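S.K.: Order-wise, the sequence lines are chains A and B.
For the first sequence, the numbering used here gives the first residue as 1, with consecutive numbering after it.
For the second sequence, the numbering used here gives the first residue as 1, with consecutive numbering after it.
Don't read these hints as lab results, they were simulated from the structure.
Being a predicted model, the structure only gives us computed values, none of them experimental.
Hints may contain errors.
Label-pair restraints from in silico Cβ distances [stated by the list, open to error]: (1) B:154 <-> A:178: 31 to 39 Å; (2) B:92 <-> A:47: 19 to 27 Å; (3) A:7 <-> B:113: 47 to 55 Å; (4) B:83 <-> A:154: 17 to 25 Å; (5) A:96 <-> B:92: 49 to 57 Å; (6) B:179 <-> A:172: 23 to 31 Å; (7) B:80 <-> A:157: 22 to 30 Å; (8) B:8 <-> A:59: 28 to 36 Å; (9) A:172 <-> B:183: 31 to 39 Å; (10) B:181 <-> A:175: 34 to 42 Å; (11) B:8 <-> A:12: 37 to 45 Å; (12) A:64 <-> B:132: 21 to 29 Å; (13) B:113 <-> A:31: 45 to 53 Å; (14) A:47 <-> B:5: 33 to 41 Å.
Looking from chain A toward chain B, a few residues come up when the C-beta cut is under 7 Å (computed) [said to hold, decoys possible]: (15) 15; (16) 16; (17) 41; (18) 42; (19) 45; (20) 163; (21) 173; (22) 175; (23) 180.
From the three backbone atoms N, C-alpha and C, an ideal C-beta is built for every residue, glycine too.
Single-letter residue listing:
Number of protein chains: 2
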Amino acid sequence: MKAFRKRDFPLSEIRRYLEPGPIVLVSSAWKGKTNIMTMGWHMMMGFSPALFGCFIWDENHSFEMIRRSEECVINLPTTDLINETVGIGNCRGDKVDKFKEFGLTPVPAAQVGAPLIKECYANFECRLAEGRLISTHNLFIWEVVKAHVATSPRYPETFHYRGDGIFMISGRSINLSRKFKPENL
Amino acid sequence: MKAFRKRDFPLSEIRRYLEPGPIVLVSSAWKGKTNIMTMGWHMMMGFSPALFGCFIWDENHSFEMIRRSEECVINLPTTDLINETVGIGNCRGDKVDKFKEFGLTPVPAAQVGAPLIKECYANFECRLAEGRLISTHNLFIWEVVKAHVATSPRYPETFHYRGDGIFMISGRSINLSRKFKPENL
Chain A
1 MKAFRKRDFP LSEIRRYLEP GPIVLVSSAW KGKTNIMTMG WHMMMGFSPA
51 LFGCFIWDEN HSFEMIRRSE ECVINLPTTD LINETVGIGN CRGDKVDKFK
101 EFGLTPVPAA QVGAPLIKEC YANFECRLAE GRLISTHNLF IWEVVKAHVA
151 TSPRYPETFH YRGDGIFMIS GRSINLSRKF KPENL
Chain B
1 MKAFRKRDFP LSEIRRYLEP GPIVLVSSAW KGKTNIMTMG WHMMMGFSPA
51 LFGCFIWDEN HSFEMIRRSE ECVINLPTTD LINETVGIGN CRGDKVDKFK
101 EFGLTPVPAA QVGAPLIKEC YANFECRLAE GRLISTHNLF IWEVVKAHVA
151 TSPRYPETFH YRGDGIFMIS GRSINLSRKF KPENL
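So that you can see chain A by itself, here it is in the shape it has in the complex (with noise of 0.2 Å):
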């Protein structure tokens, strides 16, 4: 499995992995415990303090160890780890250990208890900011409050999810700066 070198990244910037809308990797702690989740729904909130809010069913063995915990790690796996990130979204985590089932390495995190994955090119710390709306919409708003993102390649191919067992993987990018007012960069 491809091994990346990562180095702290400004939490203002993140949106640059995350604002495209790649499916992510959610790992937990809870009780001693770890879990992972793969998640599609999820979107940008702020650039500073750097918030996220995601969709997290409350049938996901997850939902209780993140509600509890107030923590999370969001971790961004590239192509290489679509089967992988297939089998965590198809099996429970109260019936098996995934990080060992799918041969992922946890990390212990900076700054929460929810521990990294190694195997992917990004892993953002995230704190619970906003909860009002978990118990009616399912929805969490976090913080993050620290990012390793790995010193290449500059933008890693993700997988995006269609629905259907259908993933689209990123393509070509195209740099349209010169038509953006420098404030809306």
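Take the given structure of chain A and dock chain B to it, following the hints.
M.R.: Just chain B now, kept in the frame of chain A:
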């Protein structure tokens, strides 16, 4: 400009187009005026009812139009509209009629006052479902009440924002449905 033939599309399946995280155009109407804004901070939040969350910056001219009307249309542009989309994000609706300026055609919606953008691949008519976090977090949660989607191609080429004026263009599709449990597709 491309013209799409569209059909009504099942609301419970709109994640096919929105979950991958494309840039969308939000059209609105208020007191006889229309507007369009470019948006990348959004996510799916439910299948049935079809819920869709988005962050709208309160400095955008569209913010008050959308907040007051409690309606909008989410329009999905394909890559052939990327220059218009950047242009729309870099001018203000209080100074420019964006439909005229960018050669786009407003079409009356079926269930909301905001117009559809004819040249887009898909149009999702939205009514406000939950507004408690608008004032604190700029979060609008919409119920999509009608979907108009092009009959072909099956998967539109969309563009996804990385910040700094750089877009990721959607790439190839991979079908991994054989690795899913049926209830997880």
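S.K.: Sort out which numbered hints this structure fails and list those numbers smallest first.
M.R.: When the structure is compared with the hints, none of them turns out to be violated.
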